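Take a look at the letters that make up each chain.
Number of protein chains: 2
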Amino acid sequence: MSHGGPAVSAATRDLALRQRATRVVPGGMYGHQNAASLPADFPQFLERGRGSRIWDVDGREYVDFMCSFGPIVLGHAHPRVEAAVQAQSRLADCQNGPSPRMVELAERLVALIPHADWAMFAKNGTDATTLALSIARAATGRAKVLVAAGAYHGSAPWCTPRPAGTTPEDRAHLVPFVYNDLASAEAAADRAGRDLAAVLVSPFRHDARHDQALVDPAFARGLRGLCDRTGAALILDDVRAGFRLDLAGSWEPVGVRPDLSAFSKAIANGYPLAAVVGRDALRDAAARVFATGSFWFAAVPMAAALATLDGLQAERGIEAMVRAGTLLREGLARQARAHGLRITQSGPVQLPFLSFAGDRPAGADARPGQSASAPGLRFERANLFTGEAARRGVWLHPWHNWFLSAAHTQDDVRLALERTDEAFAAVRRAFGPDA
Amino acid sequence: MSHGGPAVSAATRDLALRQRATRVVPGGMYGHQNAASLPADFPQFLERGRGSRIWDVDGREYVDFMCSFGPIVLGHAHPRVEAAVQAQSRLADCQNGPSPRMVELAERLVALIPHADWAMFAKNGTDATTLALSIARAATGRAKVLVAAGAYHGSAPWCTPRPAGTTPEDRAHLVPFVYNDLASAEAAADRAGRDLAAVLVSPFRHDARHDQALVDPAFARGLRGLCDRTGAALILDDVRAGFRLDLAGSWEPVGVRPDLSAFSKAIANGYPLAAVVGRDALRDAAARVFATGSFWFAAVPMAAALATLDGLQAERGIEAMVRAGTLLREGLARQARAHGLRITQSGPVQLPFLSFAGDRPAGADARPGQSASAPGLRFERANLFTGEAARRGVWLHPWHNWFLSAAHTQDDVRLALERTDEAFAAVRRAFGPDA
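Chains A and B are the protein sequences, given in the same order. Numbered per the numbering used here, the first sequence spans residues 1 to 435. Numbered per the numbering used here, the second sequence spans residues 1001 to 1435.
It is worth saying that the hints were derived from the structure and are not from the lab. Worth double-checking, as some hints may not be accurate.
As the list claims (entries may be wrong) - Here chain B is said to cover these stretches of chain A; the calculated rule only asks that three of the stretch's residues, wherever they fall, bring their Cβ under 8 Å from a Cβ of chain B: (1) 88 to 99; (2) 112 to 123; (3) 168 to 175.
Stated by the list, open to error - Label-pair distances were calculated between CB atoms; the ranges are: (4) 1342/B / 191/A: 57 to 63 Å; (5) 1281/B / 16/A: 25 to 31 Å; (6) 330/A / 1171/B: 52 to 58 Å; (7) 83/A / 1016/B: 23 to 29 Å; (8) 313/A / 1013/B: 24 to 30 Å; (9) 314/A / 1083/B: 30 to 36 Å; (10) 253/A / 1315/B: 19 to 25 Å; (11) 1380/B / 218/A: 58 to 64 Å; (12) 1050/B / 314/A: 28 to 34 Å.
From a predicted model like this one, the values you see are computed outputs, not experimental measurements. For glycine and all other residues, C-beta sits at the position ideal for the given N, C-alpha and C.
Work the whole structure out from these sequences, hints included.
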């Protein structure tokens, strides 16, 4: 694992692929994995993954702290999951009807998640948040939904952070509130009045380009009370955090149970699957909503999900992520201090985020969908830091939360910290220490 | 392969799974694969698939003429596709960025499809139709879209055939026309006026519960002219038919090239993938739309798609489907005639549909999303026919088009026809011959 060479962007294979992609893919790449929004030291194209490590198309190895933006929760190509996938693949995947795995997985989620009396499956996280909202609307006969300003709930026209290609009607029934500000949610509910169908909320504040914020338990309880009072459904968008904080649902430790939860990402260790689970009171509405997709009932991702849940329990995966995440956080804090750099680390250690005090212009507030290079937003230190880390074989992200997996060992973190120390040194050299 | 026993619905394992599913899945099952909308002789749960054959959870074997509602185009577990999947799986699937397979696949589609200058990928057919519409709106700055009444373009709130859980705003910009009726499309365009962003159309009329209709080439040319005149984008929804009629796009034989095409289903022989391809004029708009999903850039389905396209070309897959589909159509026509039953077979032989004249009450017209048992709609003969066929090991569908694959041999069709002859006999016994 040598990273002393030239920056990745100059490497032959990645650059050649980028040039080819420019001709046949709009913008050369799109979506959350577009390397154009990352420092030049990041590659665009990846080749291989095993456990906590990934390799780009030029053979450079990285300790992976993005985990494919969440899906990889046990580590890349986890033996237990791969074995289950192989076994199911020998039978069938996408058929004229579901396989027994669908019943087994629904039973498993119902057993695991206290507020789940039933489960439905889809492919994308956006499918799950959209379906949950549709179920709430079908159940209540109402239209409005409270959403936290700046929160990400998917890429469909009703929730996309970027307006291109959408119409005003797509967002006609969204009523914004401020995360962790119960009064703002109560005021939003008043604005929605008798047309309030749902409150859609993430288990903690994990808006891109912002420091994260754990949920205030009083806020969570307040939303529960608001929904009980108004008859609206409380929908937890557990797509990003699900199965990393608590296998019973991310608000179970908070003591607040939603009516519906949307899951995806980590549910099947990288295999494409999403799920909505809900309470009995919403079962009939769920059965009335038209919800389907060509690949939604395929067996292999469900077999992978069963094995992923097995693995998370057998390996005490969440404890492993907490252990490694805590080591990483403590190490980064120590290093930043030693270099005289003020940083903020926020969110759960399993889904950490790091920002530099010097990167934040006073009073500037990012809008969702705004690119890292937009005026008023600066990630110079974060870009330099994560770029230097990437050059040295540690995959972080300058403006999106990171993800730990159960495959991260103490040695992985120690190795990563050796390199981040050099990355912090580069930041200090370029920008000087913070006052 | 014996089907002399009791009806499948009484079989132990399927029934036991259905009962378990009733507790943990709303309605016991949902979506297009819900066996509740099928005759009782169909199982709900499937176990295995190979080539043209599938097996249910009670070990019953079927010649499969649904092909998982389209995705299976080369046959179940096709060796070439499975080998490509195995090879890619040994490297990686869902990573922090795409693999080289994404560039290769985009290049392949651009080379294969004359109107494709670029490609984007997603998971669901609905993702692709939604993205295509968003691109058209971003490009034109307009909102309205012409859609054929009764056509299916996906399960998102804007296009779902069932209103439960949707709001009027979801469909605010849809302007209906009648398929193959150019005057109705021109009138719809007049209603949309200067706000017309797109015309969204399937390559032939394949509305569920209706006889199919091939496209009138003059109608297709007329839509092309309408779009050229108004600056709207012509979007071909090739999700269902793509890669079964022509590898260059389903309207290539018609001589009409759309601006955007949406693909999914058959593109990767069952692996979850969707694609939008488009012309250069829409490239910038495509790059501006926020389009992303956790699993959209995964490598395995793209490797499967490359192998599927290889396989379709190497095996002359479309010719094979035409051959088997023609034999099936001719055989069914002969049998129906011999039994004195009037049937209509419609659509391309690769995506056939069969209806019974006796099933259609005069003047009744199905609305999309209406269930087969809704008042005014009767599929008694089709239900009996397909149920008797299912009991005998031939998987058809009473009210949705069927799908051929390149794995269907002359022997498969001959075997299927032996059983459909008995199924027609049962229809004649129950309902008598047609006048």
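How the hints compare with the structure:
no. : hint                       : result
1   : 88 to 99                   : holds (count 10)
2   : 112 to 123                 : holds (count 5)
3   : 168 to 175                 : holds (count 4)
4   : 1342/B / 191/A: 57 to 63 Å : holds, 60 Å
5   : 1281/B / 16/A: 25 to 31 Å  : holds, 27 Å
6   : 330/A / 1171/B: 52 to 58 Å : holds, 53 Å
7   : 83/A / 1016/B: 23 to 29 Å  : holds, 26 Å
8   : 313/A / 1013/B: 24 to 30 Å : holds, 27 Å
9   : 314/A / 1083/B: 30 to 36 Å : holds, 32 Å
10  : 253/A / 1315/B: 19 to 25 Å : violated, 55 Å
11  : 1380/B / 218/A: 58 to 64 Å : holds, 60 Å
12  : 1050/B / 314/A: 28 to 34 Å : holds, 33 Å
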